[in-house]
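Turn these sequences into a full structure, and let the hints steer you where they fit.
Protein chains: 2
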Amino acid sequence: MSKPNISKSTGESAKPQEVVKKPVRASPPNHIFIGKKPIMSYALSSLIQLAQSDEVVLKARGMVISRAVDVAQIITKKLGNNAYEVKSIKIDTEKVGTGENVRNVSTIEITIGRK
Amino acid sequence: MSKPNISKSTGESAKPQEVVKKPVRASPPNHIFIGKKPIMSYALSSLIQLAQSDEVVLKARGMVISRAVDVAQIITKKLGNNAYEVKSIKIDTEKVGTGENVRNVSTIEITIGRK
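Just so you know, the sequences run in chain order A and B. So for the first sequence, my numbering puts the first residue at 6; every next one is plus one. So for the second sequence, my numbering puts the first residue at 6; every next one is plus one.
One or more hints might be untrue.
Since the list gives no way to pick one copy over another, a pair counts as held whenever it fits inside one copy or between any two copies.
[As the list claims (entries may be wrong)] Okay, derived cross-link-like pairs now, DMTMM-like style, lysine to aspartate or glutamate, Cα gap no bigger than 20 Å in a straight line:
#1 42 with 105
#2 95 with 105
#3 42 with 114
#4 64 with 99
#5 83 with 59
Keep in mind the hints are simulated off the structure, nothing from the lab.
Right, here's the structure in full:
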């Protein structure tokens, strides 16, 4: 292990591959996580995203699930010139917390795409 | 009201028709409206309903949409012996209130049926 890097200077070219692997984002850019910001801000960033990609996935968990539905309704019915529709809706459960505080939280994924 | 029942004992047979017409329920019995009761009470009445009919529709609007998702998850994952699944999910908007207080409220309908 004594300085093998210097001797293998040609082997360095392999490193960038690792670097590329590292920043694997937990979610693609067209996934929008709904939180406590104003609903309209999520609606607008969804529309911006829809201009670049075919679909956008609204994700929410727990109490803010209803806000995700609000955002989906605003995109499909108010903004967006009636060009988008809800493609699919999935609900699931996630475990949140650690140790004794683990509890199940419901999640929703609303996929919105061009009509 | 002086004992007309006894004299019109034959005419009574027409009345039941009116009585049958009157209680036109706004929703079939397998629609369960989620409100502010404990989630488990909705889960249990859904399971009772599922024992009698093929499907049950959980309906909720506004803030309690997340509770409807919770109920659906409890039925499909915890209770129900893994016999039920989410068949479809619809989201929509409803107008609530009158006059100046009209506002749009998001709604959800989760249909649960036997696997």
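For this session: Hint by hint, work out which the structure violates, then give me just those numbers in ascending order.
Result: Per hint list: 1, 2 violated.
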